[in-house]
Amino acid sequence: DVKVTQSSRYLVKRTGEKVFLECVQDMDHENMFWYRQDPGLGLRLIYFSYDVKMKEKGDIPEGYSVSREKKERFSLILESASTNQTSMYLCASSHGSTGNNEQFFGPGTRLTVL
Amino acid sequence: GENVEQHPSTLSVQEGDSAVIKCTYSDSASNYFPWYKQELGKRPQLIIDIRSNVGEKKDQRIAVTLNKTAKHFSLHITETQPEDSAVYFCAASQTSTGSARQLTFGSGTQLTVLP
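Residue numbers (our numbering), protein chains in the order written: chain A, 37 to 150; chain B, 107 to 221.
Among these hints, one or two may not hold up.
[Said to hold, decoys possible] Reference listing, derived: stretches of chain B covered by chain A, where coverage requires no fewer than 3 residues with Cβ under 8 Å from a Cβ of chain A:
hint	stretch
1	107–120
2	150–163
3	208–215
[To be verified] Using 30 Å as the maximum straight-line C-alpha spacing, the simulated DSBU-like pairs for lysine-lysine come out as follows:
hint	chain 1	residue 1	chain 2	residue 2
4	A	LYS93	B	LYS148
5	A	LYS106	A	LYS93
6	A	LYS39	B	LYS164
7	A	LYS91	B	LYS148
8	B	LYS163	B	LYS143
9	B	LYS163	B	LYS148
10	B	LYS163	B	LYS177
11	A	LYS106	A	LYS89
12	B	LYS177	B	LYS128
13	B	LYS177	A	LYS39
14	A	LYS93	B	LYS177
15	A	LYS93	B	LYS174
16	A	LYS39	B	LYS148
17	A	LYS39	B	LYS163
18	A	LYS49	B	LYS174
19	A	LYS91	A	LYS54
20	B	LYS128	B	LYS143
21	B	LYS143	A	LYS91
22	A	LYS107	B	LYS148
23	B	LYS143	A	LYS107
24	B	LYS128	B	LYS174
For the record, the hints were derived by calculation from the structure and aren't laboratory data. Please read all numbers here as calculations on a predicted model, not as lab measurements. The beta carbon of each residue, even a glycine, is placed where N, CA and C say it ideally should be.
Hey, can you work out the whole structure from these sequences and the hints?
In structure tokens form, the structure reads like this:
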């Protein structure tokens with residue numbers, strides 16, 4: 037059974053703080069993703085990674101960076117948090133083969149920036 | 107890039123009735139179309155998917171249809187039950203290129219099944 041975990045369920049930070057969100061998967065998946073979920077906007081892709089140390093921008097990368105030093109771990113970094121980054125952040129992972137795109141999601145981190 | 111539009115944004119049905127959610131996509135190269143269900147406070151989970159080489163797929167009370175010519179696909183839930191109440195997301199992807207890893211999601215439909 038695939039397990040994707042995220043470091044925090046709830047997080048409150050102040051404007052300008054540096055924020056780290058961590059995601060870990062235990063199924064040896066090649067691909068990992070970070071989304072933000074806002075009401076009425078669905079799931080929007082921030083960044084994804086298809087291998088260690090590899091990263092690609094998604095649809096809304098501005099204000100975010102990522103790090104993937106180990107296959108099982110994918111970190112999302114907010115260099116200087118702003119109030120418009122208050123959101124639910126979801127991590128996901130999927131197998132590397134092009135024939136299997138199912139993404140498995142973590143429980144989410146609800147981030148509030150004051 | 108791909109753009110997926112989903113309608114309606116909210117849908118209320120009586121228990122036992124059917125529910126239909128529709129999505130359109132823009133990239134004719136997309137060939138994989140999954141549907142995810144997200145119950146309140148929980149993570150999204152895949153419930154059914156369809157590839158472009160078939161027009162319809164069914165799994166018990168849920169079915170998905172695909173019209174490649176019109177570039178739209180739909181989720182059909184029959185005999186709805188209260189536990190079907192959730193947010194449903196459609197998505198589209200290509201499986202044959204380097205972008206195979208990405209899914210582009212629709213904006214979601216909040217389905218409420220009234221007892």
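Which numbered hints does this structure break?
13, 18
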